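Going down the list, the sequences are from chains H and U.
Taking the UniProt record's numbering, the leading residue of the first sequence gets 1, the next gets one more, and so forth.
Taking the UniProt record's numbering, the leading residue of the second sequence gets 1, the next gets one more, and so forth.
These aren't lab readings, by the way, just hints derived from the structure by calculation.
Being a predicted model, the structure only gives us computed values, none of them experimental.
Virtual Cβ for every residue (Gly too), placed ideally from N, Cα, C.
Honestly, I wouldn't trust all of these hints.
[Said to hold, decoys possible] Partial selection, computed: residues in chain H whose CB lies under 8 Å from chain U:
1) Arg-212
2) Gly-342
3) Ala-345
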Amino acid sequence: MSAPLLSLRGMTKGYGPVKANQAIDLDVAPNSIHAILGENGAGKSTLMKLIYGVEAPDAGEVFWNGAPVHLHSPGEARRLGIGMVFQHFSLFETLTVVENISLIVAGTKATLAARIRELGRDFGLEVDPFAEVHALSVGERQRVEIIRCLMTEPKLLILDEPTSVLPPQAVGLLFETLRRLRDRGVSILFISHKLDEIQAICDRATILRAGRVTGNVDPREHDAHDLARMMIGRDMPPPLHPDPVEPGEVRLELSGLDHAPDDPFGVALQGVSLSLRAGEVLGIAGISGNGQSELSRLISGEVRLSEARRDDVRMLGQGVGHLGPGARRALGFAFVPEERLGRGAVPEMTLSDNSLLTAHGQGMLRRGFIDRVREAEFTAACIRDFDVRTPGPEAEAGALSGGNLQKFIMGREISLRPKVLFVAQPTWGVDVGAAAAIRQRLVAMRNEGVAVLVISEELEELFEVCDRIQVMHKGHLSASLDARTTRAEEIGRLMIGADGVAA
Amino acid sequence: MTLRLVRREKASTRMAVLAPLLALLAAMVLNLLLFLAMGKDPAAVFHAMLLEPFSSWAGFSEVLLKMGPLLLIAQGLAIGFRAKVFNIGAEGQFILGAIFASAIPVYFPQATGAWIWPAMLVLGALGGALWAVVPAFWRVRLNANEILVTLMMSLIAIQVLNYLLLGPWKDPMGFNFPQSVMFQYDAMIPILLPGTRVNVSLLIALFSALLAWAYMQRSFGGYQFLVGGLAPKAATYAGFSEARAIWLSLLIGGFAAGLAGAAEVAGPIGQLQRSISTGYGYAAIIVAYLGGLHPVGIVASSLFMAALYIGGDNAMVSADLPVAAVRVFQGTLLVCYLAAVTFVRFRLDFGASVEGGRV
């Protein structure tokens, strides 16, 4: 192995009592695509922040081309030649591509536009420099972010979960770009928890678990099973693939729903139809921002229709389009939204008070006053039954990790014993073990005869839990596909609208 | 070196208790400099402002008299503030309350009976609530900012008061002064503490604090307000109506302010006149925040603010302080408090801590 481009020795970083990184050693070789593999919360993001100068380590040394360096700020990291593409993009939607780039990189717009085109040609990152960002797809936005990094001619490019936002086809294109970059002398640190991707393009993988390095291997020489064990410390639970059962009566029905949102940047829904029966799981696939959040608000009642259009949304045999969330819940509907903090839960309130949010009908009120004992009992049961890691019902919701809060909200909604359960992005930011538990719960609910609707960006997840899948693209919802017989590529085509008009 | 505000993982209880005291200290230091610049003796000013109100029974009873309306208005406002509905127009609602209450003695100056003063209080409360209907309606209907509408409604209220006092309600025997007739005995709230001007309305205000406590800390209705204020999306998700929160916030605020206005004309003033309010409606905003928007905290902060009113009067007399200086003190106090409460939830992160780490 040649002399490393970047070396870390004994990097340690703690946040209060939590040790996010403990004595991490890492060597990134030149011309290499190096994976950092780990569950959510394993310390990947912290490590990247240390390398990019966003945070300072408590202890440890950094060597760049063999010389010790001190990284105090992202600016310094950039001067050395380290670039980073964050998971969540930092582009101004109302500006054009070249305007966004000119905020960071010096030069006239004409020269910058020429550079953008040139980089696009060389690395397969074609994007129109004068397009406004809000009109670009997620994949194109990511290209803009990568181009912006490449403008500063980095030697090392850090990509934080770059594929989590992309449809399958775009992942292939991204990998092609990364290989070309490597061949031109740019090393890449590729952060992910998806084993197949790492095996596809990485030549080295450092595996983190609970803030420590648990493996440093060539991923092509190990099978997914080995890597998973290093990552989660035990064997992966087997995939579920629920047995087909005969579904019962229709519990949720949308027929040709059209909706123009109030938000000017929202997505208009056109002719959205779906029908969900008792005892089945229907999945809605698609890249975020294609109308899923508008659809979920219409189903939950957070956005209401006029009285005249009440039958556009039918729940448990009743037109509910004009009803608010409370009335729909009273019918037997429960909902886990994709935003946990600030929507599914109030961060400043205790878990007990967050139970009250939707479970107040479970005997927690007496003549308009809150029964604190009942509230605490419900919350404690939720914490116990759904394995929420927290000091107790009096902990503030905002203090829980994303995965634990999701388990709590799932638990709260399931404890309502709904007839229709709607979950948006059930395992976003949830670690692998907890995600498996959540998926098992969803299938268990289905087996008990609950009608379950799931919106997810993760195709593997949908294939694992769903009976049927429909795909959302630009406000249209495709026809229903059988999850057992449909291939991922087919769904992927619908996700990017490659099948022409999705009906 | 850069300064950044970093969110604490948990609200600091120590800071929550310390914040009002630190704010008081900071405000005193700032005003100390001001008094020095003005050539006043700060020790004499602070003695007059902060100690004299508590040093005699007569002085303290005046503090209690001022505390009543401040407490009442602040409890009403705090409920709305916690739902992030900002009713800045309590002053106008207070004036309307005074006007509505005065209608009875103005039109029935000869009436007698124990029903009169309670009826005036009820009428006054309704008047205040009515004045809050306008901003509530436009906020729910057109999303018109309630801060502006309530504030403007206060200006209108002052002109309505002027019109009545210069026109139809002017006391015919009053030498053309802009004031109503003096109210008859039965239109006056009974005195609570003999030998002082403190009347039964103080009990009503204290009782309102109890009601506010039960509502905000124990009831589901108050919980919905809190959720709406802390996380509006969570309130929508749970199905709590925003319109209901806006209506209730403004109506409760208007009701309480109107009640306070009625108690003022039927209490220490005894007639409707131009100077019925000495800025209670605005001072109550400070009181509400100084009390941490918590019903119990507001009891303490209203007492404190009332003492500051009396102390300010004392300082004007004994330390020759201009009236504006008292307002400046109140204002500095609010600014310092708002700065202090920020640190309950956030802490300062010095960029230097990054430098300090060994790389």
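For each hint, the structure was consulted:
1. Arg-212: Since chain U brings no Cβ nearer than about 20 Å to Arg-212(H), farther than 8 Å, the hint is violated.
2. Gly-342: holds, 5 Å
3. Ala-345: holds, 7 Å
Checked against the numbered hints above, the structure violates only hint 1.
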